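Protein chains: 2
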Amino acid sequence: MSHYLLEQNIKKNIHLSNEDLTTVSNYFKPLDLKRKEFLLTQGSICKFEGFVVDGCFRVFTLDKKGNENTLYFAAKDWWLMDIDSFMNQTASNLNIQALEDSKVLLISRKDKVSLYESLPIVEKLFRIMSQKALVSWQRRLIRNHSFTAKERYFHFIETYPDISSKLTDKQIAGYLGISHEFLSKIKKNSK
Amino acid sequence: MSHYLLEQNIKKNIHLSNEDLTTVSNYFKPLDLKRKEFLLTQGSICKFEGFVVDGCFRVFTLDKKGNENTLYFAAKDWWLMDIDSFMNQTASNLNIQALEDSKVLLISRKDKVSLYESLPIVEKLFRIMSQKALVSWQRRLIRNHSFTAKERYFHFIETYPDISSKLTDKQIAGYLGISHEFLSKIKKNSK
DNA sequence: TAAAAAAGTTGAACAAGTTCAATTGAATAA
DNA sequence: TTATTCAATTGAACTTGTTCAACTTTTTTA
Numbered sequence: 000m001s002h003y004l005l006e007q008n009i010k011k012n013i014h015l016s017n018e019d020l021t022t023v024s025n026y027f028k029p030l031d032l033k034r035k036e037f038l039l040t041q042g043s044i045c046k047f048e049g050f051v052v053d054g055c056f057r058v059f060t061l062d063k064k065g066n067e068n069t070l071y072f073a074a075k076d077w078w079l080m081d082i083d084s085f086m087n088q089t090a091s092n093l094n095i096q097a098l099e100d101s102k103v104l105l106i107s108r109k110d111k112v113s114l115y116e117s118l119p120i121v122e123k124l125f126r127i128m129s130q131k132a133l134v135s136w137q138r139r140l141i142r143n144h145s146f147t148a149k150e151r152y153f154h155f156i157e158t159y160p161d162i163s164s165k166l167t168d169k170q171i172a173g174y175l176g177i178s179h180e181f182l183s184k185i186k187k188n189s190k
Numbered sequence: 000m001s002h003y004l005l006e007q008n009i010k011k012n013i014h015l016s017n018e019d020l021t022t023v024s025n026y027f028k029p030l031d032l033k034r035k036e037f038l039l040t041q042g043s044i045c046k047f048e049g050f051v052v053d054g055c056f057r058v059f060t061l062d063k064k065g066n067e068n069t070l071y072f073a074a075k076d077w078w079l080m081d082i083d084s085f086m087n088q089t090a091s092n093l094n095i096q097a098l099e100d101s102k103v104l105l106i107s108r109k110d111k112v113s114l115y116e117s118l119p120i121v122e123k124l125f126r127i128m129s130q131k132a133l134v135s136w137q138r139r140l141i142r143n144h145s146f147t148a149k150e151r152y153f154h155f156i157e158t159y160p161d162i163s164s165k166l167t168d169k170q171i172a173g174y175l176g177i178s179h180e181f182l183s184k185i186k187k188n189s190k
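Residue numbers (numbering that gives the first Met the number 0), protein chains in the order written: chain A, 0 to 190; chain B, 0 to 190.
Relax, there's no trap hidden among the hints.
Derived BS3-like pairs: lysine-lysine, alpha-carbon spacing no greater than 25 Å straight-line:
id : chain 1 : residue 1 : chain 2 : residue 2
1  : B       : Lys123    : A       : Lys111
2  : B       : Lys149    : B       : Lys186
3  : A       : Lys11     : A       : Lys111
4  : A       : Lys109    : B       : Lys131
5  : B       : Lys123    : A       : Lys10
6  : B       : Lys186    : A       : Lys64
7  : A       : Lys190    : A       : Lys149
8  : B       : Lys75     : B       : Lys123
9  : A       : Lys123    : B       : Lys46
10 : B       : Lys149    : B       : Lys187
11 : B       : Lys10     : A       : Lys123
Treat the hints as calculated values from the structure; they're not laboratory data. Bear in mind that the values here come from a model prediction, so they are computed numbers and not experimental data.
Take the sequences, apply the hints, and build the full model.
This is the structure:
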């Protein structure tokens, strides 16, 4: 059952009784996406928070120059949303696209609000999750400033071998913030 | 009284009764720092979370090449800590230095844990604060990838005129992730 | 207030990364 | 299965940003 993975993920962050765990888990509804389908597109408002049960997603924005700037990838056991649009209920700048046939569990914004109210320990859960995410974003910024593109590339493929093996070089380049031509040159002169 | 600003800041995030607000606020202890003094240095463990009541701080890391990489600045009404070291109780990679004579309110890690336990709504407070911070970090990454150094510079000084006017160009360059010589050239050819 | 230290400027040479265009290779859809 | 589309590679010319060194200006400290 797809909720099992979600429950295990939650347990990594916080201790919950089985009853509470089931309550939380039941708020999440499964959704299947085909390869290349979008869970969210730029301009719309993000009304869900998601957890990836299977497959892989790319969260990216298209800037003025037409570059696809990838904020992050989310594979199995990762969370997924546009937190900016979700919190502020403003038009999203992000696209969330399935890179392969995928399955997610979604909780709607409304349901999340009721969940916070009915089960206050969920506040703690998302407080901890958000703080962990914050740590990753800060680390990534430091890497972006202090590593060269080549160092960032190898850090990425070594840290996330499972995810990076599913990605094209173009997608990886979009995550690293470099052109795919330059990534190709990095790979060439590293052999 | 210096706790007033903290209480106002908390109220921006969440509604609390005056009683609860006072309870939270009382956990925070004032500390004065002279210009150039450090609140945290690389290698030590961050045991506090801080709120700036007056003055200004720079949160930076010294990388292998000897570059001072600035994660963020925190002026009056901003929060301050190494969340990575604080959460994981591992050696910090960050230095937190006062840029001018400053006053902070600090809550110790121990006190924060008891506060979470005695007043569960504090979970919600920090959940919201963390999520807002997350939004800022994501936006900053997108800017770093899609803006040139020149665009990032003007975005910074226009968005944070109060903070940037207190900073040297060297410090701003460290925040933007560029050399201070290049920042000088950007300013020259923008006149 | 003088001396010292730090910040800012400038130029020249260099390195990192982009852009464009052409070509090849791989995956996908009809 | 073939045509088509998309990904990857390469080179050349270019732009962005770095490094180093010398110098000026401002700020700090004794």
